[in-house]
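Student: Chain residues, written in single-letter form:
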Amino acid sequence: MADAMVALANLTLGSAQATVTFASIPATYRDLRIVIQGSMSGAGGLFGRINGSTSGYTYSVAEANGSTARATSSSDSGMVFTANYDILTNTALSTLTLDFMDYSATDKHKNVLFRGSSASQTVSMALNRWASTAALTSFTLYSYGGTNWAAGSTFAIYGVSA
Amino acid sequence: MAITKIETVTVGSGGAASISFSSIAATFTDLMLEVCARDGTSYGSFYLKINSSTTGYTGKQLLGTGTSVYSYNDGSLPNVGNIPASGSTANTFSNGLIYIPNYAGSTNKSFSSDFVSENNATDAYQFLYAGVLANTAAVTSITLTTAGTFAQYSSATLYGITKGSSGGVTVS
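Those protein sequences? They're chains A and B, same order as listed.
Residue numbers are given in my numbering: position 8 of the first sequence equals residue 8, and the series is strictly consecutive.
In my numbering, each residue's number is its place in the second sequence (first place is 1) plus 162.
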């Protein structure tokens, strides 16, 4: 019996860097999951792009910072959006997951479910839609504000079969 | 295999004060805990303890009640969810997922928790939690408790998640 969930790639940063890219993703599975535990050189947000695309994204976010809870949305964000409050910091590790359902389908737009946990900053959940029927073959993670992923941050991607 | 079931604990007749997992091996990369629980008393708060640590935690909560939304800072034993209690609709249980990445590593332990508690009434909860334990020891035990006691049929299953490489996917 084939495994329902397969580990595809992983990375532990040996030194700080600005972006992290998952690439050469085959159309073998139905869903993808990315798991991140990391910090950055300063407080900042987390953004992503599918196949390098800079357009066609919409999002809805619900988040809280320990005193205020809020919800926001946008119909044209230019990227996969995860939180308005800082979801990454240099003072504590964050736990982040991104789920891509039917990522390789060519008959539907792509949904991305995000869940972010930063005990010193923000708890967040977000739904994104990329208005393209192209199969997802790469995903790049960016920081906001010019901060870098810190050394020791870990990244892993898994394929989930139907 | 990327996901491996480690153990399932199911509460029997009479209930239980806690649900525990011990002697957790450092074999995997991450831990994932699935919970389906009910409190047999009039309380509903659900707590997570890593190893024997009762201090050193920091957390943030996002809580929806069906009519209002709240956010709190949490600095004590992590209140990572809210589960139905004796005053809730009969036979309703919560569903929750707790994720601990790099649990066997030598850094502080961050974790996330997502809980929903169905109660066929207005008062039902959605609960998101961001937590960290300022302790670099590997996670070898997990203890779940409520403010009361776990009702019969409450259960929790611990899974190990293992990173790896396959299919030519790259990350850089």
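One should not assume that every hint holds.
[As the list claims (entries may be wrong)] Pairwise CB distance ranges, derived in the manner of DEER restraints:
(1) A:Asp76 <-> B:Thr170: 37 to 47 Å
(2) B:Gly218 <-> A:His109: 35 to 45 Å
(3) B:Thr217 <-> A:Ala71: 16 to 26 Å
(4) B:Ala309 <-> A:Ser24: 18 to 28 Å
Think of the hints as simulated: they come from the structure by calculation, not from any bench.
None of these values were measured; they are calculated from a predicted model.
Backbone N, C-alpha and C fix where the C-beta goes; we use that ideal spot for every residue, glycine too.
Student: Could you say whether the range 37 to 47 Å given as a hint is met by the Cβ separation of aspartate 76 of chain A and threonine 170 of chain B?
Tutor: holds (46 Å)
Student: With respect to the beta-carbon atoms only, verify the hint that alanine 309 of chain B and serine 24 of chain A lie 18 to 28 Å apart.
Tutor: violated (49 Å)
Student: Is 16 to 26 Å respected by the C-beta to C-beta distance linking threonine 217 of chain B and alanine 71 of chain A?
Tutor: violated (33 Å)
Student: Does the Cβ pair glycine 218 of chain B, histidine 109 of chain A satisfy 35 to 45 Å?
Tutor: Since the Cβ atoms of glycine 218 of chain B and histidine 109 of chain A sit about 43 Å apart, the hinted range of 35 to 45 Å holds.
Figure legend: structure checked against the earlier numbered hints; hints not met, in rising order: 3 and 4.
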